Amino acid sequence: SQQGEEDPQALSIQEGENATMNCSYKTSINNLQWYRQNSGRGLVHLILIRSNEREKHSGRLRVTLDTSKKSSSLLITASRAADTASYFCATSEFYSGAGSYQLTFGKGTKLSVIP
Amino acid sequence: GAVVSQHPSWVICKSGTSVKIECRSLDFQATTMFWYRQFPKQSLMLMATSNEGSKATYEQGVEKDKFLINHASLTLSTLTVTSAHPEDSSFYICSASHGGQTWGDYGYTFGSGTRLTVV
Chain A
1 SQQGEEDPQA LSIQEGENAT MNCSYKTSIN NLQWYRQNSG RGLVHLILIR SNEREKHSGR
61 LRVTLDTSKK SSSLLITASR AADTASYFCA TSEFYSGAGS YQLTFGKGTK LSVIP
Chain B
1 GAVVSQHPSW VICKSGTSVK IECRSLDFQA TTMFWYRQFP KQSLMLMATS NEGSKATYEQ
61 GVEKDKFLIN HASLTLSTLT VTSAHPEDSS FYICSASHGG QTWGDYGYTF GSGTRLTVV
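The listed protein sequences derive, respectively, from chains A and B.
FYI, the numbering used here numbers position 48 of the first sequence as 48, with every residue one higher than the one before it.
FYI, the numbering used here numbers position 102 of the second sequence as 102, with every residue one higher than the one before it.
It should be emphasised that the hints constitute simulated quantities derived from the structure, not laboratory data.
Note that the structure is predicted; figures quoted are calculated from it, not measured.
Possibly wrong hints are sitting among the right ones.
[What the hints assert, rightly or not] The list that follows gives simulated cross-link-like pairs (lysine-lysine, DSSO-like), each with its CA atoms no further than 27 angstroms apart:
| no. | chain 1 | residue 1 | chain 2 | residue 2 |
| --- | --- | --- | --- | --- |
| 1 | A | K26 | B | K14 |
| 2 | A | K107 | B | K64 |
| 3 | A | K70 | B | K41 |
| 4 | A | K107 | B | K14 |
| 5 | B | K41 | B | K14 |
| 6 | B | K41 | A | K107 |
| 7 | A | K69 | A | K26 |
| 8 | B | K64 | B | K20 |
| 9 | B | K64 | B | K41 |
| 10 | A | K110 | B | K66 |
| 11 | A | K70 | A | K56 |
| 12 | A | K107 | A | K56 |
[What the hints assert, rightly or not] So these bits of chain A aren't anywhere near chain B, every CB distance computed over 12 angstroms:
| no. | residue |
| --- | --- |
| 13 | E6 |
| 14 | Q9 |
| 15 | A10 |
| 16 | S12 |
| 17 | Q33 |
| 18 | T64 |
| 19 | K70 |
| 20 | S71 |
| 21 | S73 |
| 22 | T77 |
| 23 | L103 |
| 24 | I114 |
[Claimed, not checked] For each label pair, taking beta carbons as the anchor points, the in silico distance ranges come out as:
| no. | chain 1 | residue 1 | chain 2 | residue 2 | range |
| --- | --- | --- | --- | --- | --- |
| 25 | B | E52 | A | G16 | 44 to 50 angstroms |
| 26 | B | C13 | A | R50 | 40 to 46 angstroms |
| 27 | A | E17 | B | L74 | 42 to 48 angstroms |
Each residue gets a CB set at the ideal place from its N, CA and C atoms; glycine is no exception.
Construct the entire structure; sequences and hints are all you get.
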């Protein structure tokens, strides 16, 4: 079953503005990851934040994690037209049935950055 | 960096035929690979977890006999859609983790996906 729920489902901003996407999840997690998907392509791993971390930065990306609220946010600063894509959060949990960690994806936020 | 190669990127097949999709880890060994299905404008749904040398673990609702998964080596997993029907048309994506012993703590690398259209 789906774990993460992104908000908003779609976001349209002007180039140079910041974009904030939120993700909520339901159960305890090992870590939470954010991915980017360009239309019709595979996913690209952006950033991973562990359950004992509260904030992480990578270039223009800033991710926060609040385990008490079971939520995370992804901030993209100084957006560019090339940032146009769908962004998914995914939680990593260990499933004993499969004997491995598995990712459960949210529904995604479609970001459009207007030049 | 870790690279996962997925082929073909798109395929059109006739209803009733079978289609094989390959997923290869090019520069690392992937003990476990994952197969996802994605419908248009929707999220990824995990279909199965593929472990090298053993049977795949399928998610609830995924037909094992229709979606055959083979993970014969540490660098190759295949998904075969058997007796394909139009409702099997979808975007299929594989992924693998390239972490160490606690590899659940690492990001996953995804293939570029396969667009399957059954006519």
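Structure-based check of each hint:
1. For the hint linking K26 of chain A to K14 of chain B, the alpha-carbon distance of about 41 angstroms lies beyond 27 angstroms, and the restraint is violated.
2. Proposed proximity of K107 of chain A and K64 of chain B is supported: the alpha carbons are some 25 angstroms apart, at most 27 angstroms.
3. Between the alpha carbons of K70 of chain A and K41 of chain B the distance comes to roughly 25 angstroms, so the proposed pair stays at or under 27 angstroms and holds.
4. Proposed proximity of K107 of chain A and K14 of chain B is contradicted: the alpha carbons are some 31 angstroms apart, above 27 angstroms.
5. Taking the CA atoms of K41 of chain B and K14 of chain B, the gap is near 24 angstroms; set against the 27 angstroms cutoff, the hint holds.
6. Distance hint between K41 of chain B and K107 of chain A is fulfilled; the C-alpha atoms sit about 9 angstroms from each other, no more than 27 angstroms.
7. Between K69 of chain A and K26 of chain A the CA atoms are separated by roughly 9 angstroms; this keeps the pair inside 27 angstroms, and the hint holds.
8. Between the alpha carbons of K64 of chain B and K20 of chain B the distance comes to roughly 15 angstroms, so the proposed pair stays at or under 27 angstroms and holds.
9. For the hint linking K64 of chain B to K41 of chain B, the alpha-carbon distance of about 25 angstroms falls within 27 angstroms, and the restraint holds.
10. Annotation: proposed proximity of K110 of chain A to K66 of chain B is violated, straight-line Cα distance about 32 angstroms (limit 27 angstroms).
11. Our distance criterion of 27 angstroms between C-alpha atoms is met by K70 of chain A and K56 of chain A, whose separation comes to about 16 angstroms.
12. For the suggested pair K107 of chain A and K56 of chain A, the alpha carbons sit about 22 angstroms apart, so the restraint of at most 27 angstroms is met.
13. For E6 of chain A, the shortest C-beta to C-beta distance to chain B comes to about 9 angstroms, within the 12 angstroms cut-off, and the non-interface label is violated.
14. The claim that Q9 of chain A is not at the interface with chain B is violated, since a C-beta of that chain comes within 12 angstroms of its own (minimum 9 angstroms).
15. Once the 12 angstroms rule is applied to beta carbons, A10 of chain A is inconsistent with being away from chain B; the minimum gap is 10 angstroms.
16. For S12 of chain A, the non-interface assignment is confirmed: its Cβ lies about 16 angstroms from the closest Cβ of chain B, beyond the 12 angstroms cut-off.
17. The beta carbon of Q33 of chain A is not kept farther than 12 angstroms from every beta carbon of chain B, the shortest such distance being approximately 6 angstroms.
18. For T64 of chain A, the non-interface assignment is confirmed: its Cβ lies about 18 angstroms from the closest Cβ of chain B, beyond the 12 angstroms cut-off.
19. No beta-carbon of chain B is positioned within 12 angstroms of the beta-carbon of K70 of chain A; the least distance is around 18 angstroms.
20. Remark: the non-interface label on S71 of chain A is consistent with the geometry, its nearest Cβ contact in chain B lying 17 angstroms away (cut-off 12 angstroms).
21. Distance check on S73 of chain A: its Cβ is at least 18 angstroms (rounded) from any Cβ of chain B, clearing the 12 angstroms threshold; non-interface status holds.
22. With a closest Cβ-Cβ approach of about 21 angstroms to chain B, T77 of chain A is found to remain outside the 12 angstroms limit, as its non-interface label requires.
23. Listed as outside the interface, L103 of chain A is inconsistent with that label: its C-beta sits roughly 6 angstroms from the nearest C-beta of chain B, within the 12 angstroms cut-off.
24. I114 of chain A, annotated as away from the interface, keeps every beta carbon of chain B farther than 12 angstroms; the closest lies near 20 angstroms.
25. At about 47 angstroms, the beta-carbon gap between E52 of chain B and G16 of chain A stays in the expected band of 44 to 50 angstroms.
26. For C13 of chain B and R50 of chain A, the hinted distance range of 40 to 46 angstroms is satisfied, since their beta carbons lie about 42 angstroms from each other.
27. For E17 of chain A paired with L74 of chain B, a C-beta distance near 45 angstroms keeps the hint of 42 to 48 angstroms intact.
Violated hints, in rising order: 1, 4, 10, 13, 14, 15, 17, 23; the structure is consistent with all others.
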